[in-house]
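K.L.:
Line order of the protein sequences matches chains D and F.
Residue 262 in the working numbering is what sits at position 235 of the first sequence, and the numbering runs on without skipping anything.
Residue 426 in the working numbering is what sits at position 399 of the second sequence, and the numbering runs on without skipping anything.
It is possible that some hints are incorrect.
One copy or two, either will do: identical chains are not told apart, so a pair holds if it fits within one copy or between any two.
In silico DMTMM-like links for lysine to aspartate or glutamate, alpha-carbon gap of 20 angstroms or less [said to hold, decoys possible]: (1) LYS238 - ASP127; (2) LYS398 - ASP348; (3) LYS314 - ASP127; (4) LYS314 - ASP128.
Source of the hints: derived by calculation from the structure; they are not laboratory data.
2 protein chains.
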Amino acid sequence: MIDKGPSRRGFFGVAGGLAGGIAAASVARPAEAHDVAQGVVPFYGPHQAGIATPMQSSLYFGSFDLATDSRQDVIIMLQNWTVAAARMSAGLAAVPGEQDDDRPPLDSGEAVGLNPSNLTITFGFGPDMFSFAGKDRYGIAAKRPAALVDLPGFNGDQLVEGQTGGAICVQACADDAQVAFHAVRQLARMAYGTATLKWVQSGFSTGTKTKGTARNLMGFKDGTMNPTGTPLQQAVWADDAGWMQGGSYMVARRIRIALEHWDRMRVAFQEQTFGRAKASGAPLGGKHEFDAPDFNATDKDGNYVIAENAHVRLAAPVNNDGTQILRRSYSYNDGASFVAERWPPWHQGVEYDSGLFFQSYQKDPRTGFVKLFDKMSKIDALNQFTTHVGSAIFACPPGVEKGGYIGQGLFEAA
Amino acid sequence: MIDKGPSRRGFFGVAGGLAGGIAAASVARPAEAHDVAQGVVPFYGPHQAGIATPMQSSLYFGSFDLATDSRQDVIIMLQNWTVAAARMSAGLAAVPGEQDDDRPPLDSGEAVGLNPSNLTITFGFGPDMFSFAGKDRYGIAAKRPAALVDLPGFNGDQLVEGQTGGAICVQACADDAQVAFHAVRQLARMAYGTATLKWVQSGFSTGTKTKGTARNLMGFKDGTMNPTGTPLQQAVWADDAGWMQGGSYMVARRIRIALEHWDRMRVAFQEQTFGRAKASGAPLGGKHEFDAPDFNATDKDGNYVIAENAHVRLAAPVNNDGTQILRRSYSYNDGASFVAERWPPWHQGVEYDSGLFFQSYQKDPRTGFVKLFDKMSKIDALNQFTTHVGSAIFACPPGVEKGGYIGQGLFEAA
């Protein structure tokens, strides 16, 4: 036999060099915890990490179909996923144990030596999990929450099947793209035969790198009105009785943005489209980013300073019966492809397949995303530049205490 | 008029908050400079930045077609690109001047507030620039270097036109994905009418985050044999007489890797494929990563410890007349797509469109990449898992001194 060197022993035991090991993952997670010093966001807690957690710089998102009719297979997968997610969040390899070199790798290994990088892994259950092709495969159809609606078709939707829907999702976020991908990849490997990837999406954000609100690829500050503190807690956590209490509902939309077209617009037009100044992020008519927009202000001709179809007017809680959602969106950059634009100047050519992987969390999508976007999809001035090409909704169960598994309440509670 | 707030004035003047402004960009760049404290890699210098520069965490690469028959248009574009690249490398907006809000943005703005992030912008000229459809559009065909060969078809090539070739390339690398994309996007905007994007590629690397050599998505340390110091300088910089002196030749290959298939292989097989231990990176038969591989060692049955078709054997300079190239490759993750595998277990399904955007720099591709890969494409055991789907070659001219422009020697010297 070949001596493969002395560092073999520790290889699969400790992937991230974290001294505390798995013990760190059992620490209860306070709201919005983000332990930058350690690079560890605790996995266990009353809520899942990756929702109220401050955004990391990289996202890798996987949506899975379920390939089994066995309730037990699904439960076993969720149990294995829970342990693996807790381990990886703590900087450990996905699976414990000594590697037998005559077997495939327990962990594919590309995160060895990397910091835990504030990895969070967030699970969600889509409509297809509760009923697929009219069949209640796992005996849980009656437990489908009313809030987990089938999203309606929205004005302008151009949804691609290969970026839409799914029975279970895994959202991995980390301050390292390789760590985020590694997490989804290990879970996908563990699920072979039970769940198969339907679509994936990678993304990036500068959220933690700038003072104040990060800019999106349109060059505007995005998320100024996101709730924080108590309003955030009130907006995102479901208060359904039963297994979803303390969970949250996620809506994901893959939004391709015609950046080349946007870049040809006058800055004044861009600002009127958003209803905000590009440089400061201030609402038009205001001076500072966090000034409250004055939606009644008019110019000398009697026109609204913030136009009726401006993005900020349509999204503002004050214009939506106080509705707040937590946006947790990542920009994406998936190469480029040929596009023939459908309005002047009818540009044709290779354009970025780039834009926003929009994600929102809310206690109830019916009074959250659906309520907001139904109106916005019809009249938001921003729609001239955005096309929704993917869509999904997931019920993200509450967090897990050590020894439990994700979704346990769905499968085991009365 | 609407008052858009006091921070407008500085918006397009200083994008990165760098006190020194453009002056920083005029500092001469020592070899392998990487000013982490400032986050600025000087743009000006005898060689282009982004070649010998230590790898940053993000890549955005654009390959352009030239849409003009005018030599003067190309020169003007290169002059504008040079100024913009120097400015962005220093953390400034691409274009100087005060924004007129009744015009499109001088800079699209998404990098405002972000650190310069060690941005490097590297330019290269492809075969199509020297002659296109048999036509010498710019009067430079006679100056095409012999080393800028048309790459031969290699065994196993499955090249896609939309990821192959191009007349000019821009490689932007930074420690922030948004900063890298921003750079290519501004240059593409400035080139409207002269150059149009043919294809793009984003990538990521953990190169600066681990001790020792970074791991690729196959979980192996990749680049152990990369030259450093003097051997690096000797390997990469062209010593052609004329305009390419001090430049370098880049070969880019988009290599999709069948990660799902790889993940099902025994670790021992993976190690025999590479010729290295997975955990330590040591050559088989050695103990430490940087041990010299013993290519003559045999096991008790008389078989080579490092197999004849092992990757490390085929790539080693000692087995290639001392040939060294600088590999500067990024992993990529462009979603997932349906794949029907062509060998057992004939898996069908959605697989990652993921792998390696291989880039190598060398003084002469004929004695560099072409020599190495001609052999490897035929017998490297790794080929079972890799498919080359994109390919390009570029002559990257030497660096620019302040006041000059990239490629000036090509257009102006005798």
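K.L.:
All the hints need checking, so say for each whether the structure fits it.
P.N.:
Against the structure, the hints come out as follows:
Proximity of LYS238 to ASP127 under the C-alpha cut-off of 20 angstroms is found in neither arrangement, the shortest distances being 48 angstroms within a copy and 26 angstroms between copies. Proximity of LYS398 and ASP348 under a CA criterion of 20 angstroms is satisfied intra-copy only: 10 angstroms inside one chain copy versus 68 angstroms between copies. For the identical chains of this complex, LYS314 and ASP127 are inter-copy neighbours only, at 19 angstroms across copies versus 64 angstroms inside a copy, given an alpha-carbon limit of 20 angstroms. Taking the shortest Cα distances, LYS314 and ASP128 sit within 20 angstroms of each other only across copies (17 angstroms), while inside one copy they are farther apart (63 angstroms).
Figure legend: structure checked against the earlier numbered hints; the only hint not met is number 1.
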